[in-house]
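S.K.: What follows is each chain in one-letter form.
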Amino acid sequence: MNLRTALAAAALATAIGSTPALTQDRPARDELVIGVSQFPQGFHPNLASHVVLSLIHGMTRRPFTVYDADWKLICLLCDELPSRDAGSIRDWTTPAGEPGLEVDYTIRDGATWDDGTPVSTDDVTFTWEIGRNEAAGINNQELYRRMEKIVAHDARRFTIFWNKRTCDAEAINDFELVPAHLERPAASDPAAYRSRNAYDTDPTQAGLYFGPYRISQVEPGATIVLEPNPTWWGKAPAFKRITVRTIENTAALEANLLSGEIDYIAGEDGISLDQAIAFEKRHGDRFDVIFKPGLFYEHVDLRLDNPLLSDLRVRRALLHAIDRTSISERLFESKQPVADTFVHPLDSMHTDDVRKYAFAPDAARALLDEAGWTDIRKGIRHNASGEPLRLEIMTTAGNRVRELVEQVIQSNLREVGVDLRIRNQPARVLFGQTIRQREFPAMAMFAWFSTPENIPRTTMHSTMIPTTENGWSGQNYTGFRNPVMDDAIDRVEVECSDADQTRHWTTIQQTYADQLPVLPLYFRANAFVMPRWLAGVTPTGHQYPSTLWVENWSAE
Amino acid sequence: MLAFLTRRLFGMALVLAIMSFVVFMLIGLMPGDPIDIMIASNPDLTPADGERLKRLHGLDLPLWERYANWLGRVLNGDLGFSRTYNRPVLEILLPRLGNTLILLGLSSIVAILIAIPLGVIAATRPQSTLDGAINLFCFAGISVPPFWLALVFILLFAVTLGWLPAGGMGGPDAGLFVRVEFLILPVATLTIASLAGYTRFARAAMIEVLRQDYIRTARAKGLGSGRTVFGHGLRNAMLPLTTIIALDFGTLFSGALITETMFGYLGMGKLIYDSILGNDFNLALVGLLLATLVVLIGNFLADMAYAVLDPRISFKSLEAA
Amino acid sequence: MSIATNSATTGAAEPHMFWRRFRRNRPAMASAAVLVLIALAALLAPAFEAMLGVDATRVDLFNQYAPPDATHWLGTDEAGRDVFVRLLYGGRISLLVGLVAALGAATIGTAIGLLAGYYGGRLDTLLMRTTDGVIALPLLPLLIVLAAVDLEKLGVPGAVANSELASLYRIVFIIALVGWTTVARLVRAGTLSIRAREFVRSAEAMGARPSVIMLRHILPNVVSPIIVATTLSIGVVILLESVLSFLGLGIQPPIPSWGNMLTNAQELATRAPALAVGPGAVIFVTVMAFNFLGDGLQDALDPRATRR
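Residue numbers (my numbering), protein chains in the order written: chain A, 1 to 556; chain B, 1 to 321; chain C, 1 to 308.
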């Protein structure tokens with residue numbers, strides 16, 4: 001009767017036991033197939049925003065400035081990073097009388113679109129114009145709004161006039177150039193730009209790229225084929241062809257790697273950490289697995305206006321009760337370090353001098369007793385008025401790892417008498433509505449992904465609490481209001497000396513850990529699963545992908 | 001004949017119209033529109049940006065008004081753009097539809113080629129051990145969760161044995177042979193799911209036919225058993241089978257969704273699923289309507305085939321049905 | 001009184017005849033036994049939990065992926081929970097969803113079939129065209145849309161829409177909403193033939209209300225196909241629940257169901273293939289048993305059918 005079941009079980013069992021068939025004895029390795037789990041939605045660098053698209057654009061384009069693998073800001077498309085010392089960053093006053101800055105850049109000599117047209121200041125001003133046009137529907141319009149004007153001095157030199165005086169004015173990482181000579185016709189009707197732009201009409205067209213590679217073929221939903229760009233000005237890349245293949249089911253993605261269909265699973269968008277850990281154990285002899293803890297900060301936002309959570313003792317008790325060390329060790333084999341605050345240990349502004357919360361159920365119980373939750377009925381704490389200590393946690397439904405961690409937390413908290421209920425929603429609902437409009441009743445588990453030295457204004461400043469009145473803008477979902485934090489954030493943005501920066505960043509981290517508006521969990525790691533022969537891939541751990549240095553990749 | 005065709009075409013149009021309205025409303029009932037998500041993920045967007053983008057995408061109007069606008073455009077031949085791909089929806093849908101039809105067509109053919117012999121064998125020896133075994137096999141096929149079966153296939157044939165690719169379609173410049181290689185596992189998965197129904201139906205139809213007088217007569221006349229069965233019986237048994245296969249097209253389409261997802265096959269089912277989850281309003285809507293249209297056409301062709309195969313049925317009697 | 005005798009004698013099968021035929025069908029008998037066993041085990045889940053000294057919801061990170069032993073009959077999962085007991089609790093959910101959704105679909109189908117068959121005419125045309133329409137639809141994509149609908153926008157009270165069990169209610173509801181077509185067709189066909197019979201005519205002549213005629217005279221005579229179709233559809237629903245789980249639209253954790261356990265296991269297929277065996281096998285066996293049972297019931301209730 002269950003012959004089929006037995007067969008299936010046998011198949012599953014043999015799949016791990018035996019050495020998989022090898023189909024990869026190709027003579028010369030001048031091709032690379034990268035496996036990812038999603039397909040980008042659209043190809044325009046300023047209209048679409050997708051992790052796989054940034055992976056592709058890392059190979060086909062270059063931003064002016066970017067953080068490198070050591071988390072240092074560097075120039076890729078400009079000659080040198082502007083600075084006050086060199087005189088290329090100067091104070092400026094906006095027409096409205098506000099303090100602003102003017103910053104000079106020079107486009108790198110030899111930078112050329114792949115149809116032979118040089119990259120010029122014409123592209124810079126065009127990109128700025130279309131970015132500022134409301135009808136065109138560019139996503140990151142705030143960036144262009146802050147650029148009061150751009151003045152081109154010649155074909156390569158230009159100056160950006162910022163209408164705000166900040167400490168990081170030299171970074172224009174997200175200022176992505178589009179080719180004026182191809183896009184100008186489509187932009188003549190800005191409202192139709194979205195559907196007429198060259199990137200989406202024909203992403204393989206010559207003239208859209210200026211990186212080491214250009215897109216030569218696209219099979220929507222499945223594959224993107226890249227070939228070397230003949231006009232690339234830098235070091236010639238080693239691979240004659242790079243194919244990016246999308247396989248959404250991660251079990252199938254893994255199977256494809258084993259069967260030789262793909263060579264390398266990108267860490268930026270590949271398999272989950274626990275899958276990678278298991279994979280390394282089984283196939284560590286054929287593949288290198290690099291675990292790169294990155295700026296994915298997994299945490300639990302607490303609703304501070306929830307009467308149960310407004311009590312700092314309860315918040316601290318919760319963190320003491322959660323066995324984060326075991327979660328990190330048992331579920332992630334210590335590849336994902338426990339976080340004390342949102343600032344990553346690799347960040348130059350990180351401090352270790354903050355209040356820490358070790359796993360201590362007894363300390364948690366004592367804190368809860370102290371907070372008045374003394375009456376334990378059927379294992380659940382109640383207060384004097386008979387209310388149970390019951391909280392609800394929400395996260396993205398279908399994210400297996402988060403759901404698992406959630407259940408561990410539930411089990412941990414029950415040990416100290418807290419009744420935690422789980423209610424998950426699809427990512428679209430959770431982020432699109434529930435968290436954004438602060439509709440989660442108590443706790444919400446999700447991750448922030450950011451750049452190094454990202455000032456937490458939107459998440460921690462008291463003016464950034466989303467409300468109906470402000471149209472739900474801001475990301476201070478916990479409702480955190482703390483004058484010390486507000487002051488430190490205001491100052492860290494404009495007091496730029498090293499001493500000031502360190503001082504304010506320390507205050508921010510200490511206040512965060514002390515007041516616990518958020519339960520820090522851990523920094524998520526990305527797993528890069530590479531064949532032994534692939535050399536030169538350096539994971540960055542932040543949102544700028546490793547493919548920005550694809551010309552250093554080679555087969556050994 | 002003409003009246004029959006007109007009536008059927010009118011019926012199809014009506015079903016499509018109702019479907020479009022219902023689906024439009026349902027999609028409107030889904031939480032969180034694309035702009036909400038964009039705002040949530042980008043702290044730099046202001047509320048004004050949000051409203052601007054919503055206006056740009058027409059998301060600020062009430063639902064019925066959006067439907068009326070949409071319908072107006074569709075009747076003018078403009079099916080609109082996909083939000084996620086920034087391309088006209090048909091440009092995205094048609095290649096996918098082709099892929100799905102290849103998958104469905106192949107697996108239907110394979111299923112029929114297996115089902116008919118199995119059904120006939122079972123029918124000629126009812127209650128035998130062989131009949132029981134075939135029955136067991138059929139039930140097993142419809143009792144396995146399809147995604148699990150697909151995974152077992154991948155692990156067995158692609159990973160362990162390395163005979164077949166684990167998924168995908170072979171790339172944009174793959175030759176015919178490579179494409180076929182990539183089709184084997186998806187077609188096998190889909191075939192197993194539909195095989196049971198066809199076999200059991202073939203068996204039932206065959207038993208019915210074998211009971212009929214003319215077969216008995218043929219047998220009495222001394223025609224060999226094998227030739228009797230295949231020559232006379234099968235033709236008549238084919239009739240009801242044609243109908244059931246066409247009616248089954250809708251179910252098959254659903255099965256294709258799972259198969260396509262597991263094997264990374266670029267079909268319609270997968271595309272519709274992604275567009276629903278990705279809030280790509282237009283693509284989901286047109287995709288669902290296109291899928292419905294295909295199924296309706298399938299049903300229609302089955303009726304036509306019925307009339308052609310069976311001279312006793314005329315279009316007149318179909319009209320009365 | 002006369003009504004009762006009438007319907008009894010025109011019934012498809014008398015009880016003892018039915019039992020005699022059913023008993024002879026060995027696969028069906030075996031299936032019934034298997035299903036009773038599975039259902040009993042699921043009902044007794046807390047007893048097993050107590051007996052084995054395990055807790056289905058307790059996470060133990062120091063005992064992940066344990067192999068089967070005397071305490072953990074099927075080992076433990078990625079959170080160190082007992083797989084066997086979780087399967088039993090999952091069985092409660094999966095069987096419940098299967099049963100309730102199938103019954104719901106049968107109720108809708110019966111009502112539509114009775115109305116169409118009894119009143120005929122325009123109503124019949126309308127209902128049957130609708131049925132044809134629903135049959136023609138590619139159901140799974142539609143189910144996905146339905147599963148993604150925001151309940152609160154539909155006016156469902158927030159307390160229900162936001163409860164842990166919301167995914168369960170939703171799945172039962174949407175399956176019932178689209179699964180009624182087979183029963184509707186069968187009941188309509190049955191009703192058409194019964195309503196021409198003399199005892200229905202005479203009841204009409206005596207002035208019985210249509211609702212009484214439909215429920216007390218016709219319904220008892222079309223009950224066999226309803227039972228068969230419902231039995232078969234329980235299996236289909238259990239399978240569908242696993243498919244929806246695979247698509248991320250099924251019963252949501254932490255409530256275990258066979259479908260979400262299997263989905264979870266398939267993601268871990270290369271790490272812990274044994275995890276996929278339990279839920280996979282139990283879904284397979286259960287669905288198979290419902291198919292054989294339905295088949296057996298069909299033969300026993302309606303011996304004139306040509307299946308066997």
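It should be emphasised that the hints constitute simulated quantities derived from the structure, not laboratory data.
Be careful, since some hints might not be right.
Stated by the list, open to error - Below are the BS3-like pairs computed for lysine-lysine, each with C-alpha atoms no more than 30 angstroms apart in a straight line:
1) K378/A / K54/B
2) K54/B / K72/A
3) K292/A / K240/A
Stated by the list, open to error - Estimated spans, in silico, between C-beta atoms of each pair:
4) Y169/C / T502/A: 36 to 46 angstroms
5) P157/C / G386/A: 19 to 29 angstroms
6) S462/A / D69/C: 24 to 34 angstroms
7) T107/C / L5/B: 48 to 58 angstroms
Cβ coordinates follow ideal geometry from the N, Cα and C atoms, glycine included.
S.K.: It remains to establish, for every hint, whether it holds in the given structure.
M.R.: Results of checking the hints against the structure:
Using a Cα cut-off of 30 angstroms, the hinted pair K378/A and K54/B is violated, with the two alpha carbons roughly 50 angstroms apart. Restraint check for K54/B and K72/A: the C-alpha separation of about 37 angstroms exceeds 30 angstroms, so the hint is violated. In summary, the hint linking K292/A to K240/A is supported, as the alpha carbons are separated by about 27 angstroms, within the 30 angstroms threshold. Checked against the hint of 36 to 46 angstroms, the C-beta distance between Y169/C and T502/A comes to roughly 55 angstroms, which is inconsistent with it.
About 25 angstroms separates the C-beta atoms of P157/C and G386/A, a value consistent with the hinted range of 19 to 29 angstroms. In this structure, S462/A and D69/C break the distance hint of 24 to 34 angstroms, their C-beta atoms being roughly 55 angstroms apart. Under the hint 48 to 58 angstroms, the C-beta atoms of T107/C and L5/B, about 38 angstroms apart, miss the expected range.
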